[in-house]
Amino acid sequence: PAAAADKLTVVLDWFVNPDHAPLVVAREKGFFEGEGLDVELVAPADPNDPPKLVAAKQADIAVSYQPQLHLQVQEGLPLVRIGTLVATPLNSLVVLKDGPVKRIEDLKGRKVGFSVGGFEDALLGAMLARHGLKLDDVELVNVNFSLSPSVIAGQVDGVIGAFRNFELNQMDLAGHPGRAFYPEEEGVPAYDELIYVAHKDGLARPELRRFLAAVEQATLWTLNHPDEAWNLFKATDKALDDELNHRAWNATLPRLAHSPAALDDGRYRRFAVFLKAQGLLKAEPPVASYAVDLLAEKQP
Amino acid sequence: MGVRRLVYDGTVLFENMRFRLEGALWTCLLGPSGVGKTSLLRLIAGLAPGALVVTDDGRGLEGRVALMAQQDLLLPWLPVIENVILGYRLRGTTRAERRRLRDQARELLARVGLERHAEALPAALSGGMRQRAALARTLMEDRPIVLMDEPFSALDAITRHRLQELAAGLLAGRTVLLVTHNPLEALRLGHRLYVLSGRPATPRGPLLPKGPPPRDPADQALLALEAELLRELTRSAALLEEAS
Amino acid sequence: MGVRRLVYDGTVLFENMRFRLEGALWTCLLGPSGVGKTSLLRLIAGLAPGALVVTDDGRGLEGRVALMAQQDLLLPWLPVIENVILGYRLRGTTRAERRRLRDQARELLARVGLERHAEALPAALSGGMRQRAALARTLMEDRPIVLMDEPFSALDAITRHRLQELAAGLLAGRTVLLVTHNPLEALRLGHRLYVLSGRPATPRGPLLPKGPPPRDPADQALLALEAELLRELTRSAALLEEAS
Amino acid sequence: MSRFLRPLVTAAGILLAWELLVRAAGLPPFILPGPGRVLTALAAQHELILRHAAVTLSEIVLGILLGSLFGAASAVLIAASRHARRWLMPLLVVSQALPVFALAPLLVLWLGYGMASKVAMAVIIIFFPVTAAFLDGLRRTEPGWIELARVMDASAFAILTRIRIPAALPALASGLRVAAAVAPIGAVVGEWVGSSAGLGYLMLHANARMQVDLMFAALLVLAVMALALWLAVDRGARAVVRWQPETLAHDHQG
Amino acid sequence: MSRFLRPLVTAAGILLAWELLVRAAGLPPFILPGPGRVLTALAAQHELILRHAAVTLSEIVLGILLGSLFGAASAVLIAASRHARRWLMPLLVVSQALPVFALAPLLVLWLGYGMASKVAMAVIIIFFPVTAAFLDGLRRTEPGWIELARVMDASAFAILTRIRIPAALPALASGLRVAAAVAPIGAVVGEWVGSSAGLGYLMLHANARMQVDLMFAALLVLAVMALALWLAVDRGARAVVRWQPETLAHDHQG
Ligand SMILES: Nc1ncnc2c1ncn2[C@@H]1O[C@H](COP(=O)(O)OP(=O)(O)OP(=O)(O)O)[C@@H](O)[C@H]1O
Ligand SMILES: Nc1ncnc2c1ncn2[C@@H]1O[C@H](COP(=O)(O)OP(=O)(O)OP(=O)(O)O)[C@@H](O)[C@H]1O
Ligand SMILES: [Mg+2]
Ligand SMILES: [Mg+2]
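Protein chains in written order, with the numbering used here: chain A, 936 to 1235; chain B, 25 to 268; chain C, 25 to 268; chain D, 111 to 364; chain E, 111 to 364.
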């Protein structure tokens, strides 16, 4: 009965999109209800707000990015990763398939667009270093609102920060297929693109565990019934019902964390080391202080 | 009252000048254009600094002065009648009182020949009509001390004559300072006539026409005084000439 | 000229009215406040629609009229002297020509007694001084047809007398329409005197004072005319009364 | 030309100019689609767009109401007291320099995710032109009127409310015109504070998904709202200050 | 109090109020850091901030110059011709409703990633208050002056340039004040069009990296710039229209 359900506010990283499949499905299929949760999904326009809001106890859970988590923790935000939504990087360096850039080396002296995310320079720097280039061998331009248009229109030769499940399909549909270079293949340690973070002080709350359980159910159900899930998903907002979202949906499913609560702390340590090497982190706090597997500990 | 000094960009208008308004009498102030009549009026009204105004009863002038400036200063967004009761609107009145005041104002407007324009906006009035509205506003104030700067200048001979009577009647027994350019007007209405002259300016006079105002300008005695007044004015004009 | 009709919110000011300005003569227009003098002036100047102005030589009035309105209309951001040559500034002049014009203007200002205020802004002038500046601006225009609406109303007797002379001199031989409230002024300066009366208004007259202006008001013949003029004005005022 | 036909002709003319621009500059549709494509998208998605438009419209209306109110009030306050002028004015000026992403978390923290925080953001954008214009009007009251009022023993308050403020209404009106013009963008920016509805949201979303036609369809609707609002305020303002003479002949006609 | 001490005292007062607000509301530093933290960040990173500030400052100055120019010009154009009024005005109004992300690609396409596109965006934001205020001023010329000029056979052009425009300068001034206040945000928004320098960019970047102290340090600098600019324009404007009487006693003093 929803009346007795515990209220839970989840701030997404951005407007609802196929990345959020498990959350939407869990809500639509009633998995949250089943766990006695009344979950409200809030969609901000600025991906930087959700962690702040959780840290300020304005929301219970935020969808954020692993790389940002490291920085947030360093800046003193009382946040802890409690689960994973998308278990691979989505971020990638994209160029025109039939453009002049065939290999990363070809970027030398060219323009690379990015949309301020905070650590594009770090990613790109690592990828370039792999091929004997330095950051100042390329010209970085902030193209904010128009990643794919700027590369399609040839205003830049490549963009970093493009999501492989979206921008690639987007360019395909626009008739200008792109080629992606994947950070994890170019010297950047693999990381979780999308994670769930909660406030340090609230970790004992049982709602969080029930939330993760519901999300896991939803993920598996989605994997088992992809088309049903898609119909369910697109029905929630007419704006979502188009070719691009459908393709993105299919491109995203395999990347969903099949075991959302599970924590691979090696992955977090490695990435912390990487960020430190890039000069973005001053220290490497113990992973346990900012990432946990709530379901691992035995229930109190 | 006394003025320490009033200086406008370099020109000293008044210096240690004293000027007395006799209570309950009409004082008329004449003088060549630009000599300082309006400035003196403003000093008395407390609109320009530098004047020391002393009253016989020792009380201040607040709440006792009505001023009719050289410009009509009608508020363009208020109908004539509201402009007439402006003083009361500004000081605040009850709705009932205001209704009473409007009737009073309408009567006054009738007497200055504007009854049919009570509801018109000032923009719809002719120059003389605006001046009459301003006069009505001043009389409406019903103050013991009344300062008027050329209140009839935009009126034709007949209307002016009628309004002079009106003012003389309503303001009988008040302390009035009337700035005017018209010697006959001064002789007709004033008890004490001064000519402001020189730079720094001093009021010369007073001339004291006989008999109670309003007087008949045709009167011989007055004509004599008029000649004197004109002489005085000519001298004063000449003085101002050489001063500038 | 002829006016088909001029209506201001319901009141018919003029209806099929004809009025002729004799060339090279001063026509004076009197009449009670609010009868329509200014409106008539504006009609002639082409500032209000409804008038049909015909000239003897058949040419239009463009470029031949100078107007002095009831308000001085000095531009507050221009020094007096620039206000005086405003017409030329608006029509465009070479820098050299402008220098010449300024000298001319300065001379004119001297004659209206404002030489020392040539560089002052209008805000620094007294009412009468502003009017004199406006007069200088009008005379500066040097046009064959001159329309003046109470040009001397804010001036003291002496100054007014001097400026009447000045105007009479400078505008001798021009076609002048002078709206005035002062019968003596009309008698002193005008060749043809009309009294505007009634509603709709018609010009009554003309009275034709003898001799070349400026005349001496003391003259007996004039005094007779004055009496007549006053009678006419009284009638006209009465008419306007009952009209409203 | 009838005053009803007129705007239509103008609109048609502008659409035409738009089409020509797109063709002449050879703009790719993912940067600026022609009116044809946009109108098609509008027709296809109209109920989606209208649903979001309704939200934005209410934000706009609320924004301009509160904005004008707050703007006028602060102007009067500043005109009334030099302390207000000294302490409040700097804050108002600085408020115009704050970017949305710096304010958003604060607003959400204080006002939550609902309408309130969005409208607050819109108000911050809308009020300033009103304050500035009205304040200037309050400053420029004809001195003669003030002096007259002083001689009439009017209190400073009476002078403010019965002379300064009415005399400054034309200035207020011109402030309101600007406010009307910036209100739509104010609402859109407000929606960035966090919302899942409204044209601002729709456009941002469509833009990120390269549904450029949809984005411009939404923008077209927003533009129409902006124009309508501006015209309404313009008419209204003029009606209020009728006593203020206007001297541009063609302003009197539609 | 000396006119040099005054602003300092005000500034101190405002910083204090800020500190109190933060404490009273118990705001976490990652939402609104107190002045202490911000000033520390400012001190620590000053050359970084100043480098970006220089960029933004030049954008602001360019933006307000071009914006005022364009704004005044369009106002005059509209006042001069009813055609301009009919065709141009709607475009100007709509221009205020265009969100940056819709315009950005166009601007970049036409003007590239240089200064030009940012300044263009800033100008679009800055010019409108100038146009609106100046246009209203041009409309309200004292009719008597126009009539006098007509009788003097002044051309429409002469009336515009020698009477309407000078008479409307006070209105232009109040438009410029608003322009000065919105210029900084205009520059910041301009930087979203795509740049890798300037306070706007720095703030975005710091925000993304959760360096909230740095973000607010940059914001503080922006705010100071905004105030300085506004004061300068305010003084300047008043000097230009000296003939316009002001009747708020305390406006004459600093
Ligand atoms: N703009 C206007 N709107 C409405 N009525 C007007 C307007 N201007 C003048 N009137 C009316 O027209 C009549 C004549 O006005 P006009 O100014 O011509 O009078 P006048 O003879 O010049 O009076 P005065 O001697 O007082 O200047 C007046 O009754 C006035 O109310
Ligand atoms: N605001 C001002 N600034 C500078 N000078 C001024 C100002 N007001 C008046 N004056 C000067 O003071 C002198 C007297 O002005 P005032 O108005 O008192 O003359 P007036 O006697 O009233 O003249 P009029 O009969 O023409 O009204 C004039 O020479 C004028 O130039
Ligand atoms: Mg005077
Ligand atoms: Mg008149």
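Calculated directly from the structure, the hints in this document are not laboratory data.
Careful, some of the hints might be misleading.
Stated by the list, open to error - These stretches of chain D come out as covered by chain A in the derived footprint (C-beta under 8 Å, 3 or more residues):
| id | region |
| --- | --- |
| 1 | 255 to 267 |
| 2 | 313 to 321 |
Stated by the list, open to error - Here are the simulated distance ranges between beta carbons:
| id | chain 1 | residue 1 | chain 2 | residue 2 | range |
| --- | --- | --- | --- | --- | --- |
| 3 | E | 266 | C | 147 | 56 to 62 Å |
| 4 | D | 267 | B | 49 | 50 to 56 Å |
| 5 | B | 86 | C | 100 | 27 to 33 Å |
| 6 | E | 154 | A | 973 | 57 to 63 Å |
| 7 | C | 100 | D | 267 | 28 to 34 Å |
| 8 | A | 1040 | E | 127 | 53 to 59 Å |
| 9 | A | 1219 | E | 160 | 30 to 36 Å |
All C-beta atoms, glycine included, are put in the ideal place defined by N, C-alpha and C.
Hint by hint, here is what the structure shows:
Requiring three or more residues with a Cβ within less than 8 Å of a Cβ of chain A, the coverage given for the region 255 to 267 of chain D is violated, as only 0 such residues are present. A count of 8 residues in the region 313 to 321 of chain D with a Cβ less than 8 Å from any Cβ of chain A is obtained; the coverage claim is therefore met, three being the minimum. Restraint check, residue 266 of chain E to residue 147 of chain C: a C-beta distance of roughly 28 Å breaks the suggested window 56 to 62 Å. Between residue 267 of chain D and residue 49 of chain B, the C-beta spacing of about 36 Å breaks the proposed range 50 to 56 Å.
Separation of residue 86 of chain B from residue 100 of chain C is about 32 Å and conforms to the stated range, judged on CB atoms against 27 to 33 Å. In this structure the supplied range 57 to 63 Å is violated for residue 154 of chain E paired with residue 973 of chain A, their Cβ-Cβ distance being about 45 Å. The hinted window of 28 to 34 Å between residue 100 of chain C and residue 267 of chain D holds, with their beta carbons roughly 29 Å apart. Look at residue 1040 of chain A against residue 127 of chain E: about 56 Å separates their beta carbons, and that is inside 53 to 59 Å.
In this structure the supplied range 30 to 36 Å holds for residue 1219 of chain A paired with residue 160 of chain E, their Cβ-Cβ distance being about 32 Å.
Of the numbered hints listed earlier, those contradicted by the structure are 1, 3, 4 and 6.
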